[in-house]
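There are 2 protein chains.
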Amino acid sequence: MITRMSSLFLRTLRDDPADAEVPSHKLLVRAGYVRRTAPGVYSWLPLGLRVLRNVEKVVREEMGAIGAQEISLPALLPREPYETTGRWTEYGDALFRLKDRKGQDYLLGPTHEELFTSLVKGEYSSYKDFPVTLFQIQTKYRDEERPRAGILRGREFIMKDSYSFTMDDEGLEEAYQAHRRAYQAIFDRLGVEYAICAATSGAMGGSASEEFLAISPNGEDTFVRATDGDYAANVEAVVTPHPDPRPVEGLPEAVVYRTPDAPTMDTLVAWARSEGITVDGRPVELTDTLKCLLVKVTEPGGEPELTGVLLPGDREADMKRLEASLEPATVELAEDKDFEANPFLAKGYVGPKGLADNGVRVLADPRVVTGTSWITGADRKNHHVVNMVAGRDFTPDAYIEAATVREGDAAPAGMGTLTLERGIEIGHIFQLGRKYTEAFDMQILDVNGKRSVPTMGSYGLGVSRLIAVLAEQMHDEKGLRWPAEVAPYDVHVVIANKDAAAGEAAGALVDRLSEAGLEVLYDDRPKVSPGVKFKDAELLGVPLVFIVGRGFADGTVELRDRMTGDADNIAYDDAVSTALGRTGK
Amino acid sequence: MITRMSSLFLRTLRDDPADAEVPSHKLLVRAGYVRRTAPGVYSWLPLGLRVLRNVEKVVREEMGAIGAQEISLPALLPREPYETTGRWTEYGDALFRLKDRKGQDYLLGPTHEELFTSLVKGEYSSYKDFPVTLFQIQTKYRDEERPRAGILRGREFIMKDSYSFTMDDEGLEEAYQAHRRAYQAIFDRLGVEYAICAATSGAMGGSASEEFLAISPNGEDTFVRATDGDYAANVEAVVTPHPDPRPVEGLPEAVVYRTPDAPTMDTLVAWARSEGITVDGRPVELTDTLKCLLVKVTEPGGEPELTGVLLPGDREADMKRLEASLEPATVELAEDKDFEANPFLAKGYVGPKGLADNGVRVLADPRVVTGTSWITGADRKNHHVVNMVAGRDFTPDAYIEAATVREGDAAPAGMGTLTLERGIEIGHIFQLGRKYTEAFDMQILDVNGKRSVPTMGSYGLGVSRLIAVLAEQMHDEKGLRWPAEVAPYDVHVVIANKDAAAGEAAGALVDRLSEAGLEVLYDDRPKVSPGVKFKDAELLGVPLVFIVGRGFADGTVELRDRMTGDADNIAYDDAVSTALGRTGK
Numbered sequence: 166m167i168t169r170m171s172s173l174f175l176r177t178l179r180d181d182p183a184d185a186e187v188p189s190h191k192l193l194v195r196a197g198y199v200r201r202t203a204p205g206v207y208s209w210l211p212l213g214l215r216v217l218r219n220v221e222k223v224v225r226e227e228m229g230a231i232g233a234q235e236i237s238l239p240a241l242l243p244r245e246p247y248e249t250t251g252r253w254t255e256y257g258d259a260l261f262r263l264k265d266r267k268g269q270d271y272l273l274g275p276t277h278e279e280l281f282t283s284l285v286k287g288e289y290s291s292y293k294d295f296p297v298t299l300f301q302i303q304t305k306y307r308d309e310e311r312p313r314a315g316i317l318r319g320r321e322f323i324m325k326d327s328y329s330f331t332m333d334d335e336g337l338e339e340a341y342q343a344h345r346r347a348y349q350a351i352f353d354r355l356g357v358e359y360a361i362c363a364a365t366s367g368a369m370g371g372s373a374s375e376e377f378l379a380i381s382p383n384g385e386d387t388f389v390r391a392t393d394g395d396y397a398a399n400v401e402a403v404v405t406p407h408p409d410p411r412p413v414e415g416l417p418e419a420v421v422y423r424t425p426d427a428p429t430m431d432t433l434v435a436w437a438r439s440e441g442i443t444v445d446g447r448p449v450e451l452t453d454t455l456k457c458l459l460v461k462v463t464e465p466g467g468e469p470e471l472t473g474v475l476l477p478g479d480r481e482a483d484m485k486r487l488e489a490s491l492e493p494a495t496v497e498l499a500e501d502k503d504f505e506a507n508p509f510l511a512k513g514y515v516g517p518k519g520l521a522d523n524g525v526r527v528l529a530d531p532r533v534v535t536g537t538s539w540i541t542g543a544d545r546k547n548h549h550v551v552n553m554v555a556g557r558d559f560t561p562d563a564y565i566e567a568a569t570v571r572e573g574d575a576a577p578a579g580m581g582t583l584t585l586e587r588g589i590e591i592g593h594i595f596q597l598g599r600k601y602t603e604a605f606d607m608q609i610l611d612v613n614g615k616r617s618v619p620t621m622g623s624y625g626l627g628v629s630r631l632i633a634v635l636a637e638q639m640h641d642e643k644g645l646r647w648p649a650e651v652a653p654y655d656v657h658v659v660i661a662n663k664d665a666a667a668g669e670a671a672g673a674l675v676d677r678l679s680e681a682g683l684e685v686l687y688d689d690r691p692k693v694s695p696g697v698k699f700k701d702a703e704l705l706g707v708p709l710v711f712i713v714g715r716g717f718a719d720g721t722v723e724l725r726d727r728m729t730g731d732a733d734n735i736a737y738d739d740a741v742s743t744a745l746g747r748t749g750k
Numbered sequence: 166m167i168t169r170m171s172s173l174f175l176r177t178l179r180d181d182p183a184d185a186e187v188p189s190h191k192l193l194v195r196a197g198y199v200r201r202t203a204p205g206v207y208s209w210l211p212l213g214l215r216v217l218r219n220v221e222k223v224v225r226e227e228m229g230a231i232g233a234q235e236i237s238l239p240a241l242l243p244r245e246p247y248e249t250t251g252r253w254t255e256y257g258d259a260l261f262r263l264k265d266r267k268g269q270d271y272l273l274g275p276t277h278e279e280l281f282t283s284l285v286k287g288e289y290s291s292y293k294d295f296p297v298t299l300f301q302i303q304t305k306y307r308d309e310e311r312p313r314a315g316i317l318r319g320r321e322f323i324m325k326d327s328y329s330f331t332m333d334d335e336g337l338e339e340a341y342q343a344h345r346r347a348y349q350a351i352f353d354r355l356g357v358e359y360a361i362c363a364a365t366s367g368a369m370g371g372s373a374s375e376e377f378l379a380i381s382p383n384g385e386d387t388f389v390r391a392t393d394g395d396y397a398a399n400v401e402a403v404v405t406p407h408p409d410p411r412p413v414e415g416l417p418e419a420v421v422y423r424t425p426d427a428p429t430m431d432t433l434v435a436w437a438r439s440e441g442i443t444v445d446g447r448p449v450e451l452t453d454t455l456k457c458l459l460v461k462v463t464e465p466g467g468e469p470e471l472t473g474v475l476l477p478g479d480r481e482a483d484m485k486r487l488e489a490s491l492e493p494a495t496v497e498l499a500e501d502k503d504f505e506a507n508p509f510l511a512k513g514y515v516g517p518k519g520l521a522d523n524g525v526r527v528l529a530d531p532r533v534v535t536g537t538s539w540i541t542g543a544d545r546k547n548h549h550v551v552n553m554v555a556g557r558d559f560t561p562d563a564y565i566e567a568a569t570v571r572e573g574d575a576a577p578a579g580m581g582t583l584t585l586e587r588g589i590e591i592g593h594i595f596q597l598g599r600k601y602t603e604a605f606d607m608q609i610l611d612v613n614g615k616r617s618v619p620t621m622g623s624y625g626l627g628v629s630r631l632i633a634v635l636a637e638q639m640h641d642e643k644g645l646r647w648p649a650e651v652a653p654y655d656v657h658v659v660i661a662n663k664d665a666a667a668g669e670a671a672g673a674l675v676d677r678l679s680e681a682g683l684e685v686l687y688d689d690r691p692k693v694s695p696g697v698k699f700k701d702a703e704l705l706g707v708p709l710v711f712i713v714g715r716g717f718a719d720g721t722v723e724l725r726d727r728m729t730g731d732a733d734n735i736a737y738d739d740a741v742s743t744a745l746g747r748t749g750k
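Chains A and B supply the protein sequences, listed in that same order. Just so you know, we're using this note's numbering here: the first sequence kicks off at 166 and counts up by one. Just so you know, we're using this note's numbering here: the second sequence kicks off at 166 and counts up by one.
If we strip away everything but chain A, and leave its shape as in the complex, we get (with noise of 0.2 Å):
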């Protein structure tokens, strides 16, 4: 197959879009593989058509190696089911909604868990039709806030969706730990790092779940890896490790004190340094100090409950973490009207003990452990109390999830401390369970006859933002490369020298090269000089590039190597073993 770029639809810019700002998307743009259509929403041109595809087929055949089936839902939804979870109203402004001439109302899909459970249920009825995988590679509808960087957040994106259906947890096991393989083979065959990371199963539903993050300093999620095991979780997921009980026998007393010029906990470290206080025998620092964080929590269906949230004095509350570990009930702060109405809280001053003694459920970070000694409120205006000891003076009803996490953090397990690294999101699995067989009712009679709700897996990949990623993980300040797997093309031959001979000779080497199975882009553009021809190759990023210029007087060719930047003069008579060489085709 050979193209021409004489008559290629393409039109390649020498300066950055005004709105772009990461390189995926600087880049694919003036490389002509992409053009925004709206905010969010792109057309493939040509190139960027043929990676796409290439893509897919990778994604296709892993897919299918895994029992995967492919079928093909509409992106036009029905209300209905989206009813029946709730998530209709769930989903929020995120959700395109739309009514037909009759006034009924639709969707644009974000995901079809909803369309995938009902087209089952509607299938099958016995367990011998069990297991069952479907897949599809789809055009996705999402109103983004702030879509961004391309196609790297658009709001009309094309996502690989499957589902899973089992009939018991051991089966969605198995699918589940088949597509984390699926998707560690897409991966690697496309040569993305990445880094697979515990997370939380947010509004999905389930009980665990994992996402695949490309790493990338322009990412917008954020993770830790541990420096000394396999270990990786997005912000929401991590796990701080519990200390150790201590014994609180021998502690010294909670003494309350007057600190009328300790508002923050800066000055409060200050106030109890210039005190002489100290804390196992050495000065005060932050990290002695404990914040008392006052929340409204709020079950699905529930009335809002008043809430204190224990940290060390060291850490900032992220809302995100306390709201992941308190899934689905929704967090907000308290108000001032909640101290109006509580007048047992001391704003600024809130301690343990005044909210456990007034029936308020307290919840503490790990690290508040039994034994530990804090420096914190003591529930009246300009006071603070010293040695307040954790699970003597005081005892949370839970642990929770809420601080900050930083760079260096204990990682569990003794796996070191944890790095903090940027990464997008190409990928994420979920173990769904019966969250959406039961909203369904979706009864299978099983081996003994009996009706059983069937389990269910959901599992995401991110086909158009992988393209992004490509871009962003691999490209150089010339331009984009692309690994051989999903370039558009295997081989660019640029003729670089006006001489009719070399022309000739570049046309007989591209016929060759299709002939044995190559895909050519050949840029036969005759006004062109061989100047703008290398940026444009440099530009394109297809992995082998001939230059069929001076040389040719000597019966050889140029071969440059876009990823490794290698350039080699070559027999033009082994240009072609040596093209079939280096694609491995």
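Calculated from the structure, these hints are not laboratory results. Predicted model only: the values in this text are computed from it and were never measured. Glycine included, each C-beta is placed from N, C-alpha and C at the ideal position. Warning: the hint list may mix true and false statements.
[Claimed, not checked] Quick list of in silico lysine-lysine cross-link-like pairs, BS3-like style, CA-CA up to 25 Å:
1) A/264 - B/264
2) A/222 - B/750
3) B/267 - A/293
4) A/286 - B/692
5) B/461 - B/518
6) B/293 - A/692
7) A/485 - A/502
8) B/461 - B/502
9) B/546 - B/663
10) B/546 - B/512
11) B/750 - A/750
12) B/615 - B/600
13) A/264 - B/267
14) A/615 - B/692
15) B/663 - A/293
16) B/264 - A/267
17) A/663 - B/293
18) A/692 - B/615
19) B/222 - A/750
20) B/286 - A/222
21) A/663 - A/485
22) A/692 - B/700
23) A/700 - A/643
24) B/518 - B/502
25) B/692 - A/293
26) B/293 - A/700
[As the list claims (entries may be wrong)] Listed next, the stretches of chain B that the computed footprint assigns to chain A, with coverage defined by at least 3 CB atoms under 8 Å from CB atoms of chain A:
27) 206–218
28) 236–242
29) 306–313
30) 428–442
31) 451–465
32) 626–633
Chain A is already provided as a structure; the job is to place chain B on it using the hints.
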């Protein structure tokens, strides 16, 4: 490639779905190819998706063969470009409209002329870049008033749309003819029986267009074909032959009669016969009377203009034909208030002379040619005029197509008579000219360095609809029958014997067929009777079916040809070579 039916996501149905009327709808649902998700919105299950991909492949190959380049535009489109051409409102209720979270207007693309025009305008500026033809195979949305017949007329469907941009009309003609040939190649490869019909351009605009109609009694479109020549046209586009003018010399004078009991054309004929009035020396027929229909014609942006339309008395007016003749003007029938406002109009007795005398434009059917004599209204209540001669007593301002077309009408250019047939639109090609390129002010520097507006063609082909058409044209009473080019599998192998040796032999045959490059559907379901398997094979419609059954003891297998119904016993060892020969692979 082997698909085992024991694990295939497939449930065939014995009964027709309740909402299905046409065979393709019934069979595609019963055979588990598609499932309804919402009115006019369907899901593609594994077998259906395979046929869809095969059809897409044929379309892609033939579009590539004429140099069209594939790209992919979004389905979610901003309002502005459609506002530029007026189609945001012109489309009426057929357009799915929605708002994003910021309140911006969007639509789901029904066809992409606007987007392709602005895309090409954004990339190209010189004649050197032209001609260019772009296509996409993409999901389209139209909120049909009556979605029907499953995927035959859906609200979400897959279309190939392409757009050519050329510097002049000759270029447009070339691009148009190339598409015409590509469409013929596609439909011929699929074995579709179709007619290429002269068509009107309708709301799309432009000068010339043709429709490709698949011949089917369940088609929604009526078209005509000539008995003695290569002429077909949809009813709106039928051209009525103009008879030669005749001499007016020597024809009897026009005479006004009082006709109190002749309010209809039939009673008028009865009156004339009772009076002994003759035309050309023979008794009066209905075809000698002349209707004078009063309508109001509104040019875009103009005021309604009163207009008379003259039709032979044996013909009804076909308002769609009249509107197509007057496109882009709209047409409505005159109302009582129009008669009141124009007292010279004698309702029921309007004639061409009164109209002309009062400055009303008169349009006439081509049969109202110079030298023909008519009995028509005398512009006075209860009076008609006899021997009213066209070209002597009145002269139409223009000729127009407004009469119903009937089986047996004369075909143009002496090609015999017309037959009326029904068809399904599977393609429509348009010479748009400069309607869209002018709307977007697309200025390209021509060879002389002058700014020039390119010409454009637009070419649609119903990809998902084609699958319904193939089912409609090729099924038999037992089920679907696919042409080899797009069948979901090349071969279907059925184990029809519980003998373990037959099972092993079938498995080995399946492996060898797959190794030979054939795609094999393998009915290995252990607890399903041979009778059910045979019925399913007939329903599913794979072209070649191997039955490994009783005969296997003698070393033979049965090979059934689904299209012809032929069955042969062939040697097991010859099965692969026979299959390869039959499929042509």
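Against the structure, the hints come out as follows:
| no. | hint | result |
| --- | --- | --- |
| 1 | A/264 - B/264 | holds, 11 Å |
| 2 | A/222 - B/750 | holds, 23 Å |
| 3 | B/267 - A/293 | violated, 49 Å |
| 4 | A/286 - B/692 | holds, 22 Å |
| 5 | B/461 - B/518 | holds, 18 Å |
| 6 | B/293 - A/692 | holds, 11 Å |
| 7 | A/485 - A/502 | holds, 24 Å |
| 8 | B/461 - B/502 | holds, 12 Å |
| 9 | B/546 - B/663 | violated, 88 Å |
| 10 | B/546 - B/512 | holds, 7 Å |
| 11 | B/750 - A/750 | holds, 23 Å |
| 12 | B/615 - B/600 | holds, 20 Å |
| 13 | A/264 - B/267 | holds, 17 Å |
| 14 | A/615 - B/692 | holds, 21 Å |
| 15 | B/663 - A/293 | holds, 19 Å |
| 16 | B/264 - A/267 | holds, 17 Å |
| 17 | A/663 - B/293 | holds, 19 Å |
| 18 | A/692 - B/615 | holds, 21 Å |
| 19 | B/222 - A/750 | holds, 23 Å |
| 20 | B/286 - A/222 | violated, 32 Å |
| 21 | A/663 - A/485 | violated, 62 Å |
| 22 | A/692 - B/700 | violated, 64 Å |
| 23 | A/700 - A/643 | holds, 8 Å |
| 24 | B/518 - B/502 | holds, 21 Å |
| 25 | B/692 - A/293 | holds, 11 Å |
| 26 | B/293 - A/700 | holds, 21 Å |
| 27 | 206–218 | holds (count 8) |
| 28 | 236–242 | holds (count 7) |
| 29 | 306–313 | holds (count 3) |
| 30 | 428–442 | violated (count 0) |
| 31 | 451–465 | violated (count 0) |
| 32 | 626–633 | violated (count 0) |
Checked against the numbered hints above, the structure violates hints 3, 9, 20, 21, 22, 30, 31 and 32; every other hint is satisfied.
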